[in-house]
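K.L.:
The listed protein sequences correspond, in order, to chains A and B.
So for the first sequence, the numbering used here puts the first residue at 1; every next one is plus one.
So for the second sequence, the numbering used here puts the first residue at 1001; every next one is plus one.
Just so you know, not all the hints are guaranteed correct.
Cβ-Cβ distance ranges computed for the label pairs, FRET-style [claimed, not checked]:
id: 1; chain 1: A; residue 1: GLU35; chain 2: B; residue 2: GLY1215; range: 57 to 65 Å
id: 2; chain 1: B; residue 1: ASP1108; chain 2: A; residue 2: TYR187; range: 36 to 44 Å
id: 3; chain 1: B; residue 1: LEU1249; chain 2: A; residue 2: ASP156; range: 34 to 42 Å
id: 4; chain 1: B; residue 1: LEU1256; chain 2: A; residue 2: TYR187; range: 33 to 41 Å
Residues on chain B that point at chain A, a partial pick, calculated with CB under 10 Å [said to hold, decoys possible]:
id: 5; residue: GLY1060
id: 6; residue: ARG1062
id: 7; residue: TRP1151
id: 8; residue: ILE1154
id: 9; residue: GLN1156
id: 10; residue: ARG1203
id: 11; residue: VAL1208
id: 12; residue: VAL1220
id: 13; residue: ASP1243
In short, the hints are calculated from the structure, not lab data.
Don't be surprised by glycine CBs; every beta carbon is placed ideally from N, CA and C.
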Amino acid sequence: MNTAADAAPRRPGAAVELARVLRAFPTLLRIGVAEVVAYRAEFLVWILTTNMPLVMLALWHAVAADGPVGRFDQTQFTAYYLGVLAVRLATSNWMAWQMSMEIRDGTLSTKLLRPIHPLYGFAADHLSAIPMRILVVSPIVVALFVTSWDRLARHDPSLVLVLGASLVGAWLLVFFSMVLLGSIAFYVDSAMGPFELWIGVHAIFSGYLIPLEVLPGWARAAADVLPFRFMLAFPVETLVGLLSPGDAARQLAAQWLYVALTGWLALRVWRAGVRRYAAFGG
Amino acid sequence: MPPSLQSPLAFATRYAGLFRVQMRMATLAAMQYRVDFVVRGLIAVLWSALTLIPLVVVFGVRRQVAGWSFEEALVVVGWFTLLRAVLEGAVSPSLTAVVEHVRKGTLDFVLLKPADAQFLVSTAKFEPWRIVDAVAAVVVFCYAFTKMGHWPSIAQVATGLVFLALAVVILYSIWILVVSAAFWVVKVDNLSYLFGSLFDVGRWPIDVLRGVWRGTLMMVFTFVFPVALMTTYPALALLGRLDAKTAALALGGGVLFAVIARRVWRRALAMYTSASS
């Protein structure tokens, strides 16, 4: 059987490949931006589906009306959920969904034929959505500044640096997890089942629905160990000033450890998956 | 023969027969994937359990939120779970297929059949494993009422069931409206995700939104996108906290919704030009 992996040319050296990627990347990004602009209505609808933090904010506001919950009073909840919304919108992507589709209907074949690794292509697709995402996020950030300027991590330059690094880390961690999840589609008919479960677990343990501090003990213990907090809660907590510089630095190290681990695992699973992949008619 | 020339009884019998056939075909198709049935059922149970965590956390902090106790809020969650089972099991699979039909032009084959097109497309596909969700909903109801220590009366259950029917009608009508949009803009599969995310609001009693923008958001979710009618009001009915006037108004609103949806669907269908032509 002639799988797509057999047909691919021999792997070039790392330096050659990197040079190739660097040359192709600006074009890939331009195409990506053009696509996002062309499907802007669709893009906006996708963005609007991220409305759960606002509902949770309304809920916690009602709860905190008669006194704060732990460290969280009403203003803190507002800052937290606006932060969640901003970070989530800036870093999320739907790679697993796209990969599952492309593996099933064979669109992946054309990507495998290109002279750069398909993962760079996917990364370019999702990176190029970032300018549009920032555009959408900016009103939320303004709202965040207006409502809770005093609480934000702007007094300490080291926290600002950590915040920047944590956002990049969060993007990479989400991206690699999505590759990992999407690769399941190489092995089973549809990755949607595991994907749905992942969304559920992520919603609880990433701080998307509930600030991790407010969780009951056992759930908080789980959240401390699981990688989900580094995708969302960690940058948000840094942003709204809930973390001390020391804690933030420690968490940053843990986050990047997870990034490296997930990245390595994702590449392994992807490579094994592509070997199994027998393309359908493209 | 057009329906208007038949007696209503013959009309009803004919469509009941058609419904049976469609159901059998859908079940046969779904039963081919038995492993899928079990796996997805299990995932659904896990999911439902996960979605209870925010509720447990919130009511771990306060005994009452926006006038609702934990047990009462659980009744809302029960309705939500039940309706999601209906939505994902019976409503959205068929209607997602319509979008595909419109895009590919295969709706022609449906339109050529001598039966109402809306009926045919709406009963084309079911996902029987969602029954697991419905069972989970019943478990939630039982738990909530056992903890409260009193069960709803027959009349309250009857009102609840009427509201269930109403909720299904509204759910279905909104979906028909979304699908009708496919005739104009073609690509609406992500509208279904938006729909799903807005429907998620129904997990909570609508009163938690009372404080947002002086209740504007609450009005939106009661009248424009009536999630409140689907989960909070039925829960109020079961708890015996719904007065007759509100109930009557809600029912009237639901029927109005269905009528509008039917008219929009007819309009949209008139717009349809097959993809090949």
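K.L.:
Going by Cβ atoms only, is TRP1151(B) closer than 10 Å to chain A?
P.N.:
With Cβ-Cβ at 28 Å, over 10 Å, it is violated.
K.L.:
Under 10 Å is the threshold here; is the Cβ of GLY1060(B) close enough to any Cβ of chain A for the hint to stand?
P.N.:
holds (6 Å)
K.L.:
Does the CB of ARG1203(B) sit less than 10 Å away from some CB of chain A?
P.N.:
With Cβ-Cβ at 8 Å, under 10 Å, it holds.
K.L.:
Is the shortest C-beta separation between ARG1062(B) and chain A less than 10 Å?
P.N.:
holds (5 Å)
K.L.:
Does the interface hint hold: is ILE1154(B) within less than 10 Å of chain A, judged Cβ to Cβ?
P.N.:
violated (33 Å)
K.L.:
Could you check if ASP1243(B) really has its C-beta closer than 10 Å to a C-beta on chain A?
P.N.:
violated (23 Å)
K.L.:
Is 33 to 41 Å right for how far apart the beta carbons of LEU1256(B) and TYR187(A) are?
P.N.:
violated (49 Å)
K.L.:
Given a hint of 36 to 44 Å, does the C-beta separation of ASP1108(B) and TYR187(A) actually sit inside it?
P.N.:
holds (37 Å)
K.L.:
Restraint: VAL1220(B) near chain A, CB-CB cut 10 Å. Satisfied or not?
P.N.:
At 12 Å from the nearest chain A Cβ, VAL1220(B) fails the 10 Å test, so the hint is violated.
K.L.:
Measuring from the C-beta of GLN1156(B) to each C-beta in chain A, is the shortest one below 10 Å?
P.N.:
violated (26 Å)
K.L.:
For the restraint on VAL1208(B), tell me whether the closest CB of chain A is nearer than 10 Å.
P.N.:
holds (5 Å)
K.L.:
Taking the Cβ atom of LEU1249(B) and the Cβ atom of ASP156(A), is their distance within the range 34 to 42 Å?
P.N.:
Given about 56 Å between the Cβ atoms, the range is violated.
Comparing the model with each numbered hint stated earlier shows that hints 1, 3, 4, 7, 8, 9, 12 and 13 do not hold.
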